[in-house]
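Line order of the protein sequences matches chains A and B. For the first sequence, counting from 1, position 89 maps to 72 in the working numbering; every step adds exactly one. So the number in the working numbering is just where the residue sits in the second sequence, counting from 1, plus 53.
Check the hints yourself; a few may be wrong.
[To be verified] Cβ-to-Cβ under 10 Å is the rule here; a few derived chain B residues that face chain A:
#1 102
#2 107
#3 133
#4 134
#5 173
#6 174
#7 177
#8 181
#9 182
#10 206
#11 207
[To be verified] What the simulated footprint calls covered on chain A by chain B, stretch by stretch (three residues with Cβ under 8 Å from a Cβ of chain B suffice, anywhere in the stretch; the number is not a length):
#12 81 to 95
#13 197 to 206
#14 274 to 285
Note that these hints are calculated values from the structure, not bench results. Note that beta-carbon positions come from the ideal geometry of N, C-alpha and C, so glycine has one too.
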Amino acid sequence: MNNKKQQAHAFLGLVLLGGLIVTAGPVQAGGFMTPTTNAAGWGRAFGGGSMFKNDPSSAYNNPAAMAFVDKTISQFTVNYANIDIKYKGSAYDYAGNPSSVTVADPNTGATTSTPRTGDGGQGGFEAWVPTGFMVMPINDRLAFGLSQVVPMGARTTWDQDWKGRDFAVDTRIETVGLTGSLSFKVNDEFSVGLGTILQHTKGFVSQNVDLYAAAAQSPDFGMIPFPAGQGSALMRVKVDNTSLGWFGGIAWKPTPQDTLGLNYHAKIKNKLEGKYNIYADPTSEGLMTIPVVDGKTLVELAYPGLKLYPGGANASTQLDVPANASFDWVHQFSDRLTLGASVTWTQWSSFKALTLKSDGNTIVSIPYNYKNAWQYSFGGDYKLTDDLTLRTGVSFDQTPTRNSTRDPRIPDGDRTFASLGFGYNIRAIPGLSIDGAYSRQFVETVKLKTKNVDRLGAASLDGKSEAKGEVVSLTATYAF
Amino acid sequence: MKSLKTLFCVTSFALCFGTASMANAASITPNGSFTTNAGTIVVTSPSSFGQPVTCGITFGGTVTAGVATITSAKLTGGGLCGLPTLKNIPSPGWVLTATSFNATTGLGAGTVTNVGWTVAFPASNCGAGSINVVWNQATHTLSTPSSQSLSGSCAVQSLSVVAPSLSLAP
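From just these sequences and the hints, can you work out the full model?
Next comes the structure, spelled out in structure tokens:
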């Protein structure tokens, strides 16, 4: 027994340590939320949530369900995500001309323009995402849960000189959340649970700012039609924050075959702080740094109050994690067949804009105006043998993005997950099981037809984003 | 002879103008200081990548012996209008010389010399040089007949200011 305890402690240590040391990238879902589940959950395409028997992912997804976990279970999952995103279409400057590389003769000011042809390359990513869960019954009524999850993440990487560089080059939102939760079994049919999450978020975004095109939009600058596409001013923003949130749920077993669950994850206020800098060519840098009138730079003359510091300055942005709620239903049809269904609502309408501030002054605010989104999932288990379980599922995940504001930063469309999975008990090590899943994402081709804000140069896109993805998930579970 | 010349003018203003220029000198009156009302000037330069920049402008100076010397010029307007440093202002000044005046039509012509400006960033070095101007006695308006080029890839695309106190005399 002592030996087993030592093994368990070692395993738990590895789970938590693994979660902390591995860089947590995203496994894209709607917007910049990511599924917080294990390989079994991926195999069912999230159908039934964490309401399947002895699922330790309930520690985060619905802590009330921990009340029905009958033994201590520790679990570590690693997900490999491969998301492919491509842009097809055109980009135009503020005047409606094709996006171009414009070079000015320093002696005459005469400009020559060459159209930009780059489509940005492959904007997607590959990522390894670790997730860990542990549920520990304390007594007949109380259970305690720990988890390490990645509740939010997104990544796109476009070529630095692509035609849409004024909209996005790099975007990375990465989170790691450590959670603790408690469940209370009211009776054999009903339980409640509550938990808290300590979440660390890192954000990195970069894009070009077309300073001359931005100046051309300024009434304070006389709306002079400066040629767009001159030089480069790559703004890079790196911010992070640690924030606290809470979640809770209820679980109900109206019949021996049915388990229903309702969970709610509250909105997490998340003010990210850090620095920005701007890598610019000498002329563009001069626009931001050389005082020309009354100590003001040309950028300040064009946009009064706007100060840009290429060498770096403070930056902050608000990127709240939206509230979400799920209803899960699992029905056991027989000893072999169990099916689950879930509906998830995410309050994406709380995400209005991506606003970058520095020392209290707004540098730029990009409107997004996301809409609330729903996800519908259905999946299940078929126990082929006492040791081997097969899984499958399908899920439809509605995008929160709007046609009018969708941009290459998060070119999200409705997506359908189709999943296959398995679970296998390793008899040689009692209590140890492994689960695997493969999930394919079919993402709706969506229009990217948007116009940039004036301060970024007012360029426009007229194209579409084509995306697809796949996730391979592998879980090791140890039941004590 | 005068009626023949008038007829000639009616049929060909441009030729008339040239003929008048050749035939008549003119002088600016009265002697003493003057200022103009706020007018507009449209310029191009490497600083604006050849794009026209419209600014407000007000001149001041003195008239001596029929020649006006502009010793002050104030540019107004946002953006690039605040950037130029005018060459030869206040000294020796921009010198406005009337070359012709047709009392019948009230139209005159002349030149402004020493015109130029610099912009430190984005850099431009325009002029100094001479630009042609025309005068409308009825409205007391000094303006450019067409875009006037200056060295440094610059130009005064148009200029229009009203100088209520000035007149031309044949």
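Indices of hints not satisfied (ascending): 8, 9
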